[in-house]
Amino acid sequence: MLKYYKFPDVKGYFGKYGGKFVPETLISPLMELEEYYKKLKTNISFLKELEKLNTEYSGRPTPLTFASNLTKHYKGGKIYLKREDLCHTGAHKINNAIGQILVAKRMGKDRIIAETGAGQHGVAVATVCAKFRLHCLIFMGEEDVKRQRPNVLRMKMLGAEVIEVTSGTKTLKDAANEAIRDWVSNIENTHYIIGSVVGPHPYPMMVRDFQSIIGIETKKQINKTEGKNPDKIIACVGGGSNAIGIFYPFIEDDVELIGVEAAGKGLEFKENCATLTLGKDGIFHGMRSYLLQNEFGQVEEVYSISAGLDYPGVGPEHSYLKDEKIVSYFSVTDEEALEAAKMLSKAEGIIPALESAHAIAYLEYIMPKTKKDEIIILNLSGRGDKDMETYKNLFV
Amino acid sequence: MSVIKNQIKAINDKGDKALSIFLTSGFPNKKNFTELALNIFNAGADILEIGIPFSDPIADGSVIQKSSQLALKNGINISATFEYVQEIRKFSAKPILLMGYANPILAYGIERFAKDSYYSGVNGLIIPDIPVNEQKVFYKNHFNNLDIISLIAPTTPVNRIEMIDEKSSGFVYCVSINGITGINFDKEINENYLKTIKNTITKNKTLVGFGISSPNDAKKVLPYCDGIIVGSVIIKSLLKEKPPYQKTLNLVSELKNSLIN
Chain A
1 MLKYYKFPDV KGYFGKYGGK FVPETLISPL MELEEYYKKL KTNISFLKEL
51 EKLNTEYSGR PTPLTFASNL TKHYKGGKIY LKREDLCHTG AHKINNAIGQ
101 ILVAKRMGKD RIIAETGAGQ HGVAVATVCA KFRLHCLIFM GEEDVKRQRP
151 NVLRMKMLGA EVIEVTSGTK TLKDAANEAI RDWVSNIENT HYIIGSVVGP
201 HPYPMMVRDF QSIIGIETKK QINKTEGKNP DKIIACVGGG SNAIGIFYPF
251 IEDDVELIGV EAAGKGLEFK ENCATLTLGK DGIFHGMRSY LLQNEFGQVE
301 EVYSISAGLD YPGVGPEHSY LKDEKIVSYF SVTDEEALEA AKMLSKAEGI
351 IPALESAHAI AYLEYIMPKT KKDEIIILNL SGRGDKDMET YKNLFV
Chain B
1 MSVIKNQIKA INDKGDKALS IFLTSGFPNK KNFTELALNI FNAGADILEI
51 GIPFSDPIAD GSVIQKSSQL ALKNGINISA TFEYVQEIRK FSAKPILLMG
101 YANPILAYGI ERFAKDSYYS GVNGLIIPDI PVNEQKVFYK NHFNNLDIIS
151 LIAPTTPVNR IEMIDEKSSG FVYCVSINGI TGINFDKEIN ENYLKTIKNT
201 ITKNKTLVGF GISSPNDAKK VLPYCDGIIV GSVIIKSLLK EKPPYQKTLN
251 LVSELKNSLI N
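Residue numbers (this note's numbering), protein chains in the order written: chain A, 1 to 396; chain B, 1 to 261.
Check before you lean on any hint, since a few could be wrong.
Listed next, with one range per pair, are the computed distances between beta-carbon atoms [stated by the list, open to error]:
# : chain 1 : residue 1 : chain 2 : residue 2 : range
1 : A       : P150      : B       : V137      : 42 to 48 Å
2 : B       : M1        : A       : S45       : 42 to 48 Å
3 : A       : E188      : B       : E83       : 39 to 45 Å
Hints are computed from structural coordinates only; laboratory data are not their basis. Just so you know, these numbers come straight off a predicted model, no measurement behind them. Using N, Cα and C, we set each Cβ at its ideal position, and we do this for glycine too.
Turn these sequences into a full structure, and let the hints guide you.
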């Protein structure tokens with residue numbers, strides 16, 4: 001058990017990971033953002049506005065649901081689900097979007113940009129931009145625009161401009177590259193809302209803080225219901241924002257934390273996006289962290305059936321937590337995730353997002369080892385409406 | 001004193017300004033890259049900056065991105081780039097810089113990269129995603145034989161420019177406008193920024209780059225710096241023609257002529 005955890009350090013590092021690996025043009029704006037954010041962290045009116053929006057707009061606190069049928073099925077410990085799927089826009093992504101739009105507004109920025117893969121973060125950003133009447137540009141790879149049509153339509157209906165990215169692999173990583181290039185070119189009036197705990201400092205810290213509401217609520221809820229902390233917490237990891245969000249408030253406690261990555265079609269190069277399982281130390285998108293790359297340090301296309309996990313990098317804090325063995329990371333395949341989605345839908349009447357289904361799939365491995373008096377909490381990061389095109393083959 | 005700084009100083013002493021030309025390694029043609037590089041020198045380039053291709057070049061515009069992708073497709077990597085430098089060195093002593101993103105260098109091995117750079121005849125290094133604050137951890141003590149060229153941008157405050165000048169060697173790479181390479185010069189260059197470059201950077205020579213595509217563009221910045229860096233317009237021109245790339249070489253000559261007093 002950890003006694004004291006205080007990261008990132010003043011330079012924005014989690015051990016050797018993190019930092020600010022960006023062109024010089026972005027250094028001063030990042031420092032300015034960091035200064036602003038530090039002040040806002042203890043600013044009462046900011047925190048009140050954030051809480052009000054989380055409550056009245058997003059629908060927080062989200063419930064902690066006892067999964068009675070799932071618990072019976074596994075005949076082990078008690079399984080609870082943290083219901084981020086019930087947030088406005090259907091996933092935890094809104095927690096970060098709300099937080100950052102409030103920062104951007106106070107910094108006087110009137111133009112917001114963001115990258116998106118599956119479109120969940122894009123929709124969340126488009127949503128808060130509509131609410132706060134700010135100009136919104138979403139960068140999305142051409143391939144993802146094709147694959148995620150319903151979310152493209154949602155963003156457009158919300159008034160956002162969706163920019164199709166045709167460079168590189170035409171997916172999430174290239175959408176992020178384009179967003180960075182746009183930010184460099186429009187630094188005076190633009191705030192970049194990064195969608196996960198990735199990128200240069202202070203983003204991994206700031207996004208973690210906004211997502212920590214998940215864990216803070218969970219801790220209160222489970223202690224109220226069960227009178228104690230859980231024994232295990234499970235969450236899926238792409239960039240890692242929902243996982244950090246639920247882990248972070250428990251990091252100094254005696255709780256086993258488990259992150260589940262996407263093993264895609266298997267653990268061969270380019271067939272998955274299990275960055276912590278197979279990646280190597282790298283520098284990418286402004287951060288030092290584990291990275292899926294070839295022997296020459298080139299970042300190639302990665303794969304997962306879930307567009308939200310389909311990212312070659314991972315948040316630097318996860319890299320640190322892995323090396324320090326504070327969190328354990330595993331991976332499950334497309335097939336296992338699909339089976340898990342089917343099972344949860346039938347067992348609990350909840351259709352999970354494909355990303356969250358990866359965490360559910362891990363129950364197969366962990367539950368047989370649990371005792372009846374153990375408590376397992378699973379972060380159900382999003383709902384599965386967006387994945388029906390993929391899911392339909394499971395029942396027709 | 002550094003080879004690069006000496007070269008720029010010699011040019012400045014004549015009343016002229018220096019010209020650094022950017023080429024993507026092994027582009028457009030793997031086979032005759034060495035010849036192209038030498039011809040670029042002969043056409044008037046004082047310094048050659050060779051870009052190591054990377055899959056995710058966040059500081060670069062679409063033109064250099066395209067050349068990087070083509071180079072990667074042709075199998076160009078760091079080892080191949082060192083081979084080119086060795087070849088060029090047989091025929092020219094002019095300064096050669098390598099420009100590359102951090103990750104391929106990290107994968108190659110930082111110490112190994114520093115050694116191989118030195119032994120193949122590289123004079124300096126530009127890594128746009130290693131800003132000064134990260135240099136200590138990244139470079140360690142391995143790069144004592146090479147100039148580490150740092151960048152400044154219009155967003156860089158004066159006290160930071162002073163710090164960067166102190167830590168940089170060879171020259172300071174002054175990014176002309178907030179943006180990426182190949183940016184259009186339609187955006188007016190901030191004259192105060194140019195004056196700051198002239199007045200603040202005292203230890204090093206100053207070369208201005210990003211968006212300079214013609215003698216006319218060069219004219220706007222020349223009174224404030226010791227030379228210019230030109231990349232995207234050269235790559236764009238190379239994309240359009242075949243060996244012996246006469247139009248591109250003419251462009252280099254035109255640019256150089258505009259820098260001569």
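Consistency of the hints with the structure:
1. Between P150/A and V137/B the CB atoms are about 44 Å apart, so this pair conforms to the stated range of 42 to 48 Å.
2. Distance hint check: the CB atoms of M1/B and S45/A are about 56 Å apart, inconsistent with the given range 42 to 48 Å.
3. E188/A and E83/B have their C-beta atoms about 43 Å apart, which keeps the hinted 39 to 45 Å range intact.
Checked against the numbered hints given earlier, the structure breaks only hint 2 and satisfies all the rest.
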